[in-house]
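Spelled out, the chains give:
Number of protein chains: 2
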Amino acid sequence: MKVHIITVGDEILIGQTIDTNSAWMGQQLNLVGAEVVEITTVSDSREAILSSIKKGFSNADIVLMTGGLGPTKDDITKKTIADFFGEGMTFHEETFARLTKLFAKFGVTIQEAHKVQCMMPNNATIINNDMGTAPGMWFEYGEKVMVSMPGVPYEMKWLMENGVIPRLKEKFKSQPIVHRTIMTAGTGESRLAKAVEDLEENLPAHIKLAFLPSLGTVKLRLTARGDNEAKLNQELDLLKAQFIERISKYVYGFDDEKLEEALGKVLKEKGLTLGTAESCTGGYIAHRITSISGSSAYFWGSVVSYDNSVKMNSLGVKVETLEAHGAVSEQTVKEMVAGAITSLGVDVAIATSGIMGPTGGTDEKPIGTIWVAVGNKNEVKTHMLSLTKSRSKNIEYTGNFALNFMRKFLKER
Amino acid sequence: MKVHIITVGDEILIGQTIDTNSAWMGQQLNLVGAEVVEITTVSDSREAILSSIKKGFSNADIVLMTGGLGPTKDDITKKTIADFFGEGMTFHEETFARLTKLFAKFGVTIQEAHKVQCMMPNNATIINNDMGTAPGMWFEYGEKVMVSMPGVPYEMKWLMENGVIPRLKEKFKSQPIVHRTIMTAGTGESRLAKAVEDLEENLPAHIKLAFLPSLGTVKLRLTARGDNEAKLNQELDLLKAQFIERISKYVYGFDDEKLEEALGKVLKEKGLTLGTAESCTGGYIAHRITSISGSSAYFWGSVVSYDNSVKMNSLGVKVETLEAHGAVSEQTVKEMVAGAITSLGVDVAIATSGIMGPTGGTDEKPIGTIWVAVGNKNEVKTHMLSLTKSRSKNIEYTGNFALNFMRKFLKER
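First to last, the sequence lines map onto chains W and L. Numbering follows the working numbering, in which position 245 of the first sequence is assigned residue number 245; successive positions increment by one, without gaps. Numbering follows the working numbering, in which position 377 of the second sequence is assigned residue number 377; successive positions increment by one, without gaps.
What the hints contain is simulated information worked out from the structure, not anything from laboratory work. Model, not experiment: these values are computed from the prediction. Be aware that a few hints might be false.
Since the list gives no way to pick one copy over another, a pair counts as held whenever it fits inside one copy or between any two copies.
Derived DSSO-like pairs: lysine-lysine, alpha-carbon spacing no greater than 27 Å straight-line [as the list claims (entries may be wrong)]:
1) Lys55 - Lys79
2) Lys144 - Lys54
3) Lys377 - Lys194
4) Lys411 - Lys101
5) Lys219 - Lys144
6) Lys55 - Lys389
7) Lys55 - Lys2
8) Lys411 - Lys173
9) Lys194 - Lys240
10) Lys169 - Lys334
11) Lys171 - Lys270
12) Lys265 - Lys101
13) Lys265 - Lys79
14) Lys393 - Lys105
15) Lys265 - Lys318
16) Lys54 - Lys265
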């Protein structure tokens, strides 16, 4: 199954919107064994849309189009699609009924502009959109398929998951494909690759390994294709266990789990509460933890101590410590952990203090010098990072490091 | 000047990397009057690259290609480009000398793989890359131009700003184009459009207005084209003043300024220090403020009081208040502001408390009910938001609202 993705929208060409839809679609399609061969972004114009559809069908079996379906632009994209197939347009009563009901719920009377949204190319099979007004449209073209979806990310995702991917799997009867994903943190791609080198070399031809690195984390993905899905699952479960054995100290989770989720699970298992005392990360770690629904069960709070007075008054860091060692020091982050445990009333705490840049370094403590500490009331572990001059990268990397540092601290106890 | 952007990289097609380069390039090109007509992402394969170059030259005057220049992939992209132009490859001594020096600085001996990076198509004009190993390559094709750049964002940005855009302006002697950008917060696109309706209708043909909305903010951009740049600047300064007059209560800044930067400026002007007391935003507002370099001059810290015990112990919220009104209430956020001012020792503070979802609402306080307060030790202002069921959107919107709410509070005093 080869797929060509077409994104329609002037807002992407002028850089107002970053196209995140295509990456998400690429990931999901990859998981069901489809290969994205090209992504094309074109303007809301007839010529550009027409030419991209032609290119798409010449390149691939499946053309997936997003965008160009808002109430104002609606006519261009749909009319162009209808023309490509040599079809007229029909008013779609069901969609009109659905919209009328939807609008009534909000006490709004349906407008002329919304009626335009109910005109559909004659050959379209309508895929209901439970998340918005514009439905998905499925077109057959010989043995090939094209689908048009709205560009709003959560609408597109809902349509892909509930309408498009199941239908594509059915129509193209693709060979079973199964995956195992291992999430790691704390080391780089090359060290992981070295640790599993012989396992990778001995993989049978129908099983592939991919390393997918991010800032401070690396995802390992095993993919198997074949006719017998049960057998593939068996093979991958065995291999997954072998891979984990080699790299167990770096494994924090599976299946795209985030570090903040993995940490939350350990805290819940152990029945412990967490707090943070953040200087250089400025609340970023607390933000990551609280972005997870349900985190209030184990996360009690944070003291963001950007100024030294807050380190002293709210966290009890001693003035002598700050004077003798500076705010960016092992001693300071140790006292911050102790202070957070006391002032927030939590079992364990994370502390950070560093020079994030792009200015502010010294010869002794250059930009990117960051101290991280994790601990409970009896024991504190510390680590010094030497990072980059990029403020945003330093914040993100320190966040990942600190979340994983605490997770390991808890796991070892 | 029409531009076709080509992004080379399997990692984008499988969704491992989101293509943020093209959006940035689209923005920058737009500012110098160039129009991006298409963005194409293709795999690291000869056929795909060759076909995209042909398509690019048929579509546009300028083809800008990013990616496919790492030490391992280097040969495919460059060889394909050379073949497209019917040229051979030459070893580029200057690049080799530069790399040898660069590597020596880090005590590394240059490898065979890096020598491949010094092979260049014969017709390439080399554009030095001060940020990395692979230089930019400029090719002339009749009256048209193609440029190949590495895909690493900060390398591409440096090459665009320092090498590519100045050369394009020179070669295509484009008509002067000038802009004025007005940043607004606190109202939607339609209300702003209404307020400036007659001004927009009376714009001369060579001046255009665009509304560029995000979550809680809208950017207004005036663009003028003509032969006399001084005159265009005069016209736009006059118009900018007229537009601002109409919508002054929503204007927070200019030229892509962020809300956290605008707030920082006001605090510096007034010589005031800021703290936050965050429940539902969980440290996100502190993170936004501290993402700005230099924020330690005015931001002292935050108490993230996710648990009610932290609201009481660290912020002095009364147990009676929590019992009578609940944590998500006007009374609670008022007491949180007072508590933050005292415990952090700051002049002004922001407080938030709400139900972010996707679970946890009640009939009385549905998901998306969020109280925000801003104030000093004498006066506190509050506002209740009724937002969505999406946790991430609620956090981002509340952050934008709260930053702007505090900015306005300070401006009015």
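> Going back to the hint list, which numbers does this structure go against?
Replying inline: Going through the list in order, the structure violates hints 3, 4, 5, 6, 8, 10, 11, 12, 13, 15 and 16 and respects the others.
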